[in-house]
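Number of protein chains: 4
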Amino acid sequence: MKALVYHGPGKKAWEEKPKPTLIKATDAIVKILKTTICGTDLHIMKGDLPDVTDGRIIGHEGVGIVEETGSSVNNFKKGDHVIISCITSCGKCEYCKKGMYSHCVDGGWILGNLIDGTQAEYVLIPHADNSLYPIPDGADEEALVMLSDILPTGFECGVLNGQVKPGDTLAIVGAGPIGMAALLTAQFYTPAEIIVIDTDENRLAVAKTFGATHTINNTDGKAAEKIAKLTNGKGVDVAIEAVGVPATFELCEAIIGAGGHIANIGVHGKSVVLHMETLWSKNITITTRLVDTVTTPMLFKTVQSKKIEPKKLITHHFKLSEAVEAYETFGNAAKEKALKVIMTAE
Amino acid sequence: MKALVYHGPGKKAWEEKPKPTLIKATDAIVKILKTTICGTDLHIMKGDLPDVTDGRIIGHEGVGIVEETGSSVNNFKKGDHVIISCITSCGKCEYCKKGMYSHCVDGGWILGNLIDGTQAEYVLIPHADNSLYPIPDGADEEALVMLSDILPTGFECGVLNGQVKPGDTLAIVGAGPIGMAALLTAQFYTPAEIIVIDTDENRLAVAKTFGATHTINNTDGKAAEKIAKLTNGKGVDVAIEAVGVPATFELCEAIIGAGGHIANIGVHGKSVVLHMETLWSKNITITTRLVDTVTTPMLFKTVQSKKIEPKKLITHHFKLSEAVEAYETFGNAAKEKALKVIMTAE
Amino acid sequence: MKALVYHGPGKKAWEEKPKPTLIKATDAIVKILKTTICGTDLHIMKGDLPDVTDGRIIGHEGVGIVEETGSSVNNFKKGDHVIISCITSCGKCEYCKKGMYSHCVDGGWILGNLIDGTQAEYVLIPHADNSLYPIPDGADEEALVMLSDILPTGFECGVLNGQVKPGDTLAIVGAGPIGMAALLTAQFYTPAEIIVIDTDENRLAVAKTFGATHTINNTDGKAAEKIAKLTNGKGVDVAIEAVGVPATFELCEAIIGAGGHIANIGVHGKSVVLHMETLWSKNITITTRLVDTVTTPMLFKTVQSKKIEPKKLITHHFKLSEAVEAYETFGNAAKEKALKVIMTAE
Amino acid sequence: MKALVYHGPGKKAWEEKPKPTLIKATDAIVKILKTTICGTDLHIMKGDLPDVTDGRIIGHEGVGIVEETGSSVNNFKKGDHVIISCITSCGKCEYCKKGMYSHCVDGGWILGNLIDGTQAEYVLIPHADNSLYPIPDGADEEALVMLSDILPTGFECGVLNGQVKPGDTLAIVGAGPIGMAALLTAQFYTPAEIIVIDTDENRLAVAKTFGATHTINNTDGKAAEKIAKLTNGKGVDVAIEAVGVPATFELCEAIIGAGGHIANIGVHGKSVVLHMETLWSKNITITTRLVDTVTTPMLFKTVQSKKIEPKKLITHHFKLSEAVEAYETFGNAAKEKALKVIMTAE
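Protein chains in written order, with the working numbering: chain A, 1 to 346; chain B, 1 to 346; chain C, 1 to 346; chain D, 1 to 346.
Calculated directly from the structure, the hints in this document are not laboratory data.
Bear in mind that the values here come from a model prediction, so they are computed numbers and not experimental data.
Note that CB positions come from ideal geometry on N, CA and C, so glycine has one too.
Do not take every clue at face value.
Okay, the calculated bits of chain A under chain C, using three or more residues with CB under 8 Å as the criterion [stated by the list, open to error]:
no.	stretch
1	91-103
2	160-167
3	184-193
Whenever a hint applies, use it, and build me the whole structure from the sequences.
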C-alpha cells in the first residue's frame, strides 16, 4: 500500500509500505476513506517529537471501512464504516475506567506517533472496540473526520474543562483550527459573549462567522486592556488558551475574572510564568488536558442532529495520494487561509 | 478601650483607642472574648501589606458577645455569643450570591486590614447578619476561634478545591497552622494516604499525631523523589500548597499525578514557574482561593459533633492584654513550637 | 390605588386599596409598569390555596419603578427600573445562603400569597436588595416580565434539575406556559432531540416553532409507546414534568431511560404511583423544586445577549385596569390560544 | 466439581456439576476460595426471580485464584488472587463507558442469575479483565469478599447517590447487611449524625457499634415523629432506603428535609406512593441504582489503608461444602444474629 512516511526532520514521502496485518485479537485493520492533517503533524515533520522515528507513517485522524477484525472484536465487522479516534483506549486499565483514555496504559496517543498512523491506505487500530466509533448509513463522513481529534480536543480541553455556562463571557485566545473547534462547541452552552483573540485578520473574520461576538487583533498587544474595558474591569468568566506559547497563556492570566476558569488546550514547549502574586486570591481554576475523546459519542449526536456543522472547519480538499501537497497547503495555513484539509482515498 | 495597634513596619502597641460605635443599621458591636494571631498579621507587622495603615487595630479572628446591634440586624441580639468570620459578607452582591464572599463588593477581608480588627476589647462588625455565626450554650468557645479563619481556609482552599476523596493519596506541602488545618479537615473525606512535607521536625512529628500517614523532611530537597517512590511513580492525587513561595508550589507541580489537583492555599508574593511543557498533557487542575468562609456552618456541625478537634491547633495561651507577648511567641513559631495562640479577655 | 383583589373562591375585583407604605428598613415600594398572570393565580381564584385569604392582592410577577426605599436598601434607589422576583429572599438565612431562596425563612413565595402582590398599581417588596433585579436603560421590559417566575421556573426546576446536556434526548410533558419555558431554556444546553407531549394541537404546533424536534398528541394515550419507538426502546435521557397530575408524572416514569433524570415542575395536588418495582434498578434520578430564582442574573444575561426571546411566550396584552378581562382570557387559555398575558399600567 | 444448585422454588442442593471451561477469549476460570450469600439469593431460592432457572449455580460474590484465562485476558494470569465483582462489565458498550456497568449490554448482574455463579468450586467469569480485581499478597481475603457486592452497593446506591457530606444528618432505614454497608461507608464523608432505623433490637445495637449516633426501633411506627423532634422539625439531609418495601420508602419521604436526598438501595417488588402533593415544593432528589461496582478500586484502597473494617460485617463461617447449612443460618438472620456468612473452600 501507499502511505505518508516520516524520514527525519524535514523529510517525508508518499511511498510504498507493507499493508498492516492483525497482531492481536483486539485489533482491526481499517481501509482509510478520508483523513486530515493536525498541527501536531507539522511539529513531527520538523523533528520536534523525538519519539517519532524514521519510517513512521504519520496521521491520527480519519474515517474508513473495517477491512478485518481480530477474534475478540465484537462491536465491529468487515464493511462497517467507522470514525478512527486519535486516542487508543484499552477500556480496562485504571485510566480508561476513569474516562481518562489519554493516559491509557496500553494506548493513549500512539497513532502516527508510536505506531503507524492514518495518512495511508490502511491502518491497524489496536483495541478496536474502544477506539473506533460506528458511522450509520447516510452520515456525512467528511464532517465526521472532525470527530477524530479536533472537535473533542476543543470541547474537552477547552469548553468542558472551562465549564462554560449560559450567560458567560468567554475569551478564546488563538483562532487556529483548535480555537475554532472550541468556538463552535462552546456554543453548546450558550455563553452571552465570545471574544476571540488572534493576530490574523482573516481568522478573526472567520471567527465572526462562526459565532464570535467580539474579535480582537492583538498585534498591538492591547488585548488585555480591551477586554478589561469590555468587561467593566471584571475580566472574563472563562479563558481558553488555544496556542501553546507563554505569551498567550499569560494573556489568559491577565484577563481572567475572579472565580474564573483558564482552560489550556495548547501544546506547550516551554514553561510559563504564573502570576501567583495576584492570582492566589482570585479563586481561579487552571486546567490542562490531553484530549480523552470520551465525548465522541456525545459530539456525534450533536453532529447528527445538526446542532453543529463541523464541515465549516474544512477549507481544502486533496486526494490521499496528494498528501505531500496537502502538507504544503496546511503548512502555509495563514497564507492559504487553511483550517482543516481533507485527503480522500480514490 | 484597649487594642493592639499597628504603627508602621515593626511598630505595634497595646494602647487606648475609642470604643467603636454603630455606623450602619446592619452593623453590630462585639465584645471580644477570645482572639488569635494569623500568619498574615505577622506580614502586616513587617509592612508587607501597604493597605494597612498606621493606627489600624489588627486581627480578623475571634469569638465574642454581641454588645449592640443596628436596627436591620435580625439574626443576633445583645448578649448572643458569636463566632466572628474573618470575611465580611453583605449577602446581596453578585459575589456573595455565588458563595464567593471573599470578593464581596462591600466586604471580603477587611477586618484588621481596611477597618479595625479583633485584637481589641471591642470590634465593629459590618453586615453582622452575614458575618457572624451563633454559638449555642455549652459550646467550647476556644475551639470555635479556629472557625474564624484557619479551618475554613484549610478546608475550602485546600481540601474542597483539591477535591479530596476516599482512597486518595494526598500531599500537604507545609506543616504550619494552615497546613495542619488542611490535614485535619482532609480527613473528612477519608484519603488513604496523607503525606506531609516540611523542614521542621517538630511540626512533622505533630503532623503524625494529627493523622499524617507519612512525613517527609525536605531539608535535603528530595521530597519529589521520595514521593515518586511512595506512589510507584504515579504521583499524588491531590497536592495542597500551604506555604506560599515558589519552591513549594513547584514541588506540588513535580509530585502531582495525571488527573490530579493542585490546591493552593499559600499567600504568594512572587510569580512561580509553571511547567506547562510537562503539565499540558497531564489532565491536572490548579486552584487558587481566598477563603470564602462559606463552609463555616458545615464546619461548625463537624466541631459540635466531635468529628474534628480544632483545639489540637492551640499551643499557647495569653491574656488579651498580653497581645504583644503573644506576637513574640507566635513570631518565633518554630522555636516556640507554636501553632495557634489564644488571647483571652479578662 | 387600584388592585386586583381576591374575595374568596370565584370572587375577585379590580378595586381601590390603600397604597402600601414601607414597614422595614429593607423594604421597597415599587410602582408596577407591567405584570402578568400565573397558572397558580387561577388556582388561587378557585380557592385551591387556603393560605390566600379574602382581601389579598394577587400576583407575583412584574417589572416596575422603585418609588421609595427603606434605609437599609443599598442596591436600589427611587427611579430605578426593576424586575420583581416571584421569590422573596432575605439573603441571610440558612436556606438563602445555600441558594435555596424558595425556602427562605423570612420570604420564599409570599407575594400575592401571604402578602399583597403585583397585580396592583404599587407593591411593597420585602428584602428589596435580594428580591429585585436591576433593569438597565434600553432593555425590553415586557420580555423581562418573563424573568419574574416562568423562565427561572422552567429553567431551574426542569432544565437544570434535569441536567440536560448536549446530544441528549429530552421529553417535555406538557406544553403550557411552563413547559414552553422549559423548552426555550433547555436549548441553552443543545439537546439533540426535544419531544414535546400534550393533548392540545395548537400548543404542539407552537412548540414546534419554539424548537421541539418532535411533538406527540397524547389524546390516544400512546405517547410512551411512540417514545419507545423513537428511542429504539432506550427511553429518554431527561423527562420534564410540566403539568402536575398523576398521569403525566407516570408518563415520565414510563419513558425514562436507564441513567435518566425526571425533573418535576408541576404543582401536584395528589400523590402519584412510583413504580419502584421497575425503577429500583434503572439508575434514575427524580427531582422536585420550588423555583429559587437563583438563576435570574444568568437568565438576564442570556436575554440581553439575545440567546433567548422570552417575548415569544407573550400572546395577549391588556391594560392593568383590565385585569379582570385578562383573567378571563388566561382562564380560557386553550380556546384563546393564550400563553402569557401582559397587563400594562397606563 | 461441587456447587450449590437451584432446582426451583424451595429446592437446592450441594451437588456435582461439570467444571466450567473457557468459552470466549475474554473469559477466565476462577477457583473459589471464599464466597458468601446475598439477600437476593434468598429471593432466588423462594422463586421470586423467574429468570433464574432449574439447574443454575447460585452466588455472585467471592474471592478466588485464577485457574485459566482466555487469550485476550491481559490483566490476569493463572495463580493471581482476585476479587470477583457481582457485576460483569464488558468495558466497551455505551453503558460501561459511562461507568454504568450495571446496564452493560453483555454483562450486568448475570452471575448466579443468567449464568452459573460463585457458590461452587469453580466459576467462569466473562470479560475477566473488567470484572475481576487483583488482590495483592498479604491482603485479608475474607474482608475483600465484602467488595464483591455489599460494600459497593451500600456505598454507590446509598452514600454516593445520597451525596452525604461533612456535617450532614443522615438516616438509614434498615439495619440489615446492606444498611450496615451504607452505615460503614457513609462515614467516609463524616456526617455529624447518623440515625439508624429498624425493628430488630440486636441489629440496632450492632449499628451503634458500627458508628450510628442514634438508633430508633420503629416497632411502634413513630420513627418519623422521633426524627422530626431530633432535627427540630427540619428533617434529615439524606435518607437511605435499605429495605425495599413501600413502608420504608414512605418513611424516607416523611423524614426528608427541604433540599434533601432520598437514596434507594432496596430491591422493590411493588410500587410505592410518592407524596408529590407535599414533596413537589421541597427541592428533593430521589435516586435509584443497581450497583455498578465502579467504586471497587476506591473501596479497595480504603480497605487496604484500614479506613474501614469490612470484616465487621461477617458474623458466621462455614466450609464451602456446608453451603446448605450456611443458607439455613443466613435465612434465619434475625434469630441467628447473622449479617454476612463466609463459606471457605477446603
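Here's how the hints hold up against the structure:
1. 91-103: With 0 residues close enough to chain C, the hint is violated.
2. 160-167: holds (count 3)
3. 184-193: Holds: 6 residues of the stretch 184-193 of chain A have a Cβ under 8 Å from chain C.
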